[in-house]
Amino acid sequence: GAVVSQHPSRVICKSGTSVKIECRSLDFQATTMFWYRQFPKKSLMLMATSNEGSKATYEQGVEKDKFLINHASLTLSTLTVTSAHPEDSSFYICSARDTGGSPLHFGNGTRLTVT
Amino acid sequence: QKEVEQNSGPLSVPEGAIASLNCTYSDRVSQSFFWYRQYSGKSPELIMSIYSNGDKEDGRFTAQLNKASQYVSLLIRDSQPSDSATYLCAVVLQKLVFGQGTRLTINP
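Here the protein sequences line up with chains A and B, keeping their order.
In case it helps, this note's numbering puts the first sequence at residues 1 to 115.
In case it helps, this note's numbering puts the second sequence at residues 1001 to 1108.
The following block holds chain A by itself, in its conformation from the complex:
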């Protein structure tokens, strides 16, 4: 089945620094990947849609300059949280689908803690 790998699984950083999270589709090509954020006991919230070779599409309220998305190849998308602050501490999860109608497969998530 489709496998999505996400790295790192946990990261602790100081306020003001930047953190990069990688998302890879291991056995399929993903022209589109999705980045979600989940706060404790809350549901998944879509942050942005990452499109290979073009700009990401951000959901309303998500700052594109703060959450930089790069989708340079068909198997890799990265999310960079720039100038992180404690309120950015959350569980970030990427996902992808291998064909248009198939369900999303999720990476294992990245637990970001900003101190």
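By construction, these hints were calculated from the structure, which means they are not laboratory data.
One thing to keep in mind: the hints can contain errors.
[Claimed, not checked] 25 Å max Cα-Cα, derived BS3-like pairs, lysine-lysine: (1) K66(A) with K41(A); (2) K1095(B) with K14(A); (3) K66(A) with K1095(B); (4) K42(A) with K1042(B); (5) K41(A) with K1002(B); (6) K55(A) with K1002(B); (7) K42(A) with K1095(B); (8) K1095(B) with K41(A); (9) K1056(B) with K66(A); (10) K1095(B) with K64(A); (11) K1042(B) with K41(A); (12) K55(A) with K66(A); (13) K1042(B) with K20(A).
The hints should help you fit chain B onto chain A, whose structure is shown.
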């Protein structure tokens, strides 16, 4: 009205019983429906997908879809403690939208 609604629970079910999880959605043209299971601190994993009216069974899991009433449900038979998790309903509404999830606890 939220696009995808679930009862947040918690829902407690004795071991061996049937757990019933429900989800309603707002957009009549939705065609794809999914149930995900999420353990605490983990990312969601796909349990079931359903695209047409009726029931779809996979092992102890049965998904039920009623497009006329705009609801989709998940039944878990012979519930096990390992089924304790948050169950997320997801519906394709131009994009994939998740419900808030239902916390299910199976009591031994």
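So, going through the hints one by one against the coordinates:
Of the pairs offered as hints, the one joining K66(A) and K41(A) holds, with about 24 Å between alpha carbons and a cut-off of 25 Å not exceeded. With a C-alpha separation of about 34 Å, the suggested pairing of K1095(B) with K14(A) is violated against the 25 Å cut-off. Straight-line distance between C-alpha atoms of K66(A) and K1095(B) comes to about 23 Å, which keeps the hinted pair within the 25 Å bound. For a cut-off of 25 Å, the pair hint linking K42(A) to K1042(B) stands: about 13 Å separates their Cα positions.
Annotation: proposed proximity of K41(A) to K1002(B) holds, straight-line Cα distance about 18 Å (limit 25 Å). With a C-alpha separation of about 29 Å, the suggested pair K55(A) and K1002(B) falls outside the 25 Å cut-off, and the hint is violated. Between K42(A) and K1095(B) the alpha-carbon distance is near 19 Å, which keeps this suggested pair within the 25 Å criterion. At most 25 Å may separate the alpha-carbon atoms for a hinted pair to count; K1095(B) and K41(A) meet this at roughly 22 Å.
The straight-line distance between the Cα atoms of K1056(B) and K66(A) is roughly 42 Å, outside the 25 Å bound, and the hint therefore fails. A hinted pair counts as satisfied when its Cα atoms are at most 25 Å apart, and K1095(B) with K64(A) qualifies at roughly 19 Å. Note on K1042(B) and K41(A): the hinted pairing holds, with a Cα-Cα distance of about 12 Å set against a maximum of 25 Å. Taken as a hint, the K55(A) and K66(A) pair is honoured in the structure, with Cα atoms around 14 Å apart against an allowance of 25 Å.
Between the alpha carbons of K1042(B) and K20(A) the distance comes to roughly 19 Å, so the proposed pair stays at or under 25 Å and holds.
Hint check: violations occur at hints 2, 6 and 9; the rest are consistent with the structure.
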